[in-house]
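Engineer: For the record, the sequence lines run as chains S and Y.
Once you know that position 178 of the first sequence is 178 in our numbering, the rest is easy, because the numbers rise by one and skip nothing.
Once you know that position 408 of the second sequence is 408 in our numbering, the rest is easy, because the numbers rise by one and skip nothing.
Because the hints were derived from the structure by calculation, they are not lab data.
The list treats identical chains as one, so a pair stands whether inside a single copy or across any two.
With a Cα cut of at most 20 Å, we get these calculated DMTMM-like pairs of lysine to aspartate or glutamate:
id : residue 1 : residue 2
1  : 38        : 334
2  : 486       : 292
3  : 38        : 240
4  : 191       : 179
5  : 322       : 79
6  : 202       : 389
7  : 169       : 179
8  : 38        : 376
9  : 202       : 141
These figures come from a predicted structure and were not determined experimentally.
2 protein chains.
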Amino acid sequence: MFETAELGRSISKKDYKARVADLRFEMLQTQFGLHGAKHPVIVLISGVDGAGKGEVVNRLNEWFDSRELEIHAYGVPSDEELERPRFWRFWRTLPPRGRIGILFGSWYTQPIVDRAAGLIDADHLDAEMHRIARFERMLVEDGAILVKLWFHLSRDAQEERFRTLEADKHQAWRVTPQDWKNFEHYGKFRKICERALRQSDKSYAPWLVIESADARYRDVTAAEAILDAIKGRLANPRIDTEAAVVHPDLDGGKTILDSVDLTKTIDKASYEKELIKLQARINKLTWKANAEGISTLCVFEGWDAGGKGGAIRRLTGAVDAKLQNVISIAAPTEEERAQHYLWRFWRHVPRAGRVTVYDRSWYGRVLVERVEGFAEESVWRRAYSEINEFEEQLTEAGIVVCKFWLHIDKDEQERRFKERAQIAHKKHKLTDEDWRNRERWDDYREAVDEMVTRCSTEFAPWTLVPANDKLYARLEVLRTVVRRLKDALG
Amino acid sequence: MFETAELGRSISKKDYKARVADLRFEMLQTQFGLHGAKHPVIVLISGVDGAGKGEVVNRLNEWFDSRELEIHAYGVPSDEELERPRFWRFWRTLPPRGRIGILFGSWYTQPIVDRAAGLIDADHLDAEMHRIARFERMLVEDGAILVKLWFHLSRDAQEERFRTLEADKHQAWRVTPQDWKNFEHYGKFRKICERALRQSDKSYAPWLVIESADARYRDVTAAEAILDAIKGRLANPRIDTEAAVVHPDLDGGKTILDSVDLTKTIDKASYEKELIKLQARINKLTWKANAEGISTLCVFEGWDAGGKGGAIRRLTGAVDAKLQNVISIAAPTEEERAQHYLWRFWRHVPRAGRVTVYDRSWYGRVLVERVEGFAEESVWRRAYSEINEFEEQLTEAGIVVCKFWLHIDKDEQERRFKERAQIAHKKHKLTDEDWRNRERWDDYREAVDEMVTRCSTEFAPWTLVPANDKLYARLEVLRTVVRRLKDALG
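Here chain S stands alone, though its shape is the one from the complex (with noise of 0.2 Å):
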């Protein structure tokens, strides 16, 4: 879910400056307008080390009118604290209703850190999860406007802001050994946020992610989520606890697609010669994987003409027969209409050691039913969880998911779409159907950045394939299940 805040996302000085004189002006009217109304408003302030969740907090106390501000920082327990039920400590700093108060740090802290430590286990951690998820619902039922905010930076975003910060002899003390010790395990720590967010991120308390590289855009981000979820909540005081979550659009028009660098390329020769190799790995792997009974279920989903079908015959093609299965999805049978729609899709679930390949699958619902309206929106927005939970115990039970997005841009489409026009054995595969997707192409991009968003999971990550270049992509696809699939095998 970290990969959409990613994108390199920032604000020119001159842009800052505009945005910023109407954001003031609007932050100390919506703050007035608080007076008298039955909400307190909630603000976590929480995220990676270095992405200045502090100087956040100081412009918020800047932009805001201090005086009706209430700012807390958790650090160690008091002794006071010590000696009562943990949550003590946040029920005396809650904001009454009217005002503001910035958490800086939060209930969350304390469960994250000590998962990272070692000091809980994955159980434990999801149990917290769920317990404040229930705090938190009980606040906002209670008609409190809970604003979470995850400053993120990327490993290397955070290892360049600590060398900045180190090279500025009035900033050097900000970055202290520990944070350099916490680098060290940024990927486990990565992937322990990513579980503790994705869990506690509910309709009525949504996890925003703000891209933290840069400065004006992480403040300005901040403080128009926090105008934005008080104007919303003022507009319209029914919460709907159920509804699914739906995040702000935090910078129109990037996706995460934009970040799949498509000029990459390889020539035939290296190609040829590491396909072989490749193959020769996997069919190795796969056959050890069956003796340990470890099954692998890979998904194929990508634009049309994207080069899907190519890439799984070379999948397929150094995999033993018996060992293998590749499933086409298609409309779904009378038999599977009558069930609930994943029904299709876990009765193919293979036995341990086997390989599945799906061309095309579950991903269907948020992608072409998204798309086509085929699926009404409460529907897809609520297949997105439903799909996790899919994949999760897919993934409990020792099954390797990996899943590929190829990707290539309209021109190439375009490209692909009018040679198999002209090629006679490739005509069979252009249909008019084809060329209607087209003109879709933008909700899909729309749809596959949520898509990537909400689904690539610690245990079942996407893999964007830049896929301009076919050779290039089928490399990727099989580099990908190597790595994995060793990952697996220890």
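Assemble chain Y onto chain S, guided by the hints.
Structural biologist: Using the frame of chain S, we list chain Y on its own:
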């Protein structure tokens, strides 16, 4: 929560015959009415050993048209099942739309059994229950009508049932050595089940706990529950997955308060003797608890003139003044009204090692506020789980939570009111409000019944104190505090 399924409900042979004739006709009608409907019906048959789950399944098979009924029992998983994710076996046996599936044993069995055997910890059980809740919500959102039946026997009823079966040479085989072995762990098993049920009791998939000592009551109630669920859903296809759980009234009129034996009494001399002993014991225990940092929190609720004041004084009289605090709950202050209603109880949570007595409490919301209409139904309904969460957090922090309902009957209350009216120094205790509350007697009975059903938890059980005899009631309170403190101190 099982207390209210131990009230000795039964149906006479004559009533049974009369009800079954209509029932069977209606069951067939309803079953045929499902044809072409978008709803599969999923009935879970769960509960304790000896409750006759198998007999219920046979009965349903007899009463419904068995050709259109699917019955699935989940025993030891097959090879096929073991090689796939755990839920695969359930997915493959889900009934299609328009049909009824009876699931004998279900997704609840394994987690509960594993927890009882100590194979998983409490956090893991919680995680399993959350997973199940998500699974069930998914099914229900897709149209499924889910009926979750839990067949309950008290410890005594279970023992009696086993003995009766053993005495019958044709039925003795029904009782296995394992049954007797499990019976030894009745108390532990009950706690685990209570937790599991509480966490998976949702508006869209409520549990129905059926008292099973009487087979006729059991079978008729189960069949009626299934019918009601189907008819209810067909009449109201829109599911609100976040509404509060509402359980059907299983036996109009009878409440948990009817199980309190109000004839209990003690003579003055014995009272004086035991009182002194108990108070000395409490003094000692509370000092010991203080040394170990264990706090005690005693909640007193009950009928007007039920004798709360007297019971509280006998308790506080035993505890050193430095260690105790009595909090009388009146109308909230302005500052308190600006916060969530639990805030004012959180603020008084004691430091470690103290005794805090609440004269009335957070239960006001589900008692007076419910009965008098001061709180909307949605507000007091959600308070049950908020309160459970609050008390669970207190318990986790090592606080012993004792909750007393001082129970008297209506005649005794009248007698006491009249006595108060005549005694000068007691006159001030009797207000017009007391007489008004009295008119709401039945509403309060219902509210108390639901409060105990929902909020008598394994970590913070309710004690219903027979208080027609004040002296007996006081001792019962002190005895309970002694027992709970002893348990906590180990």
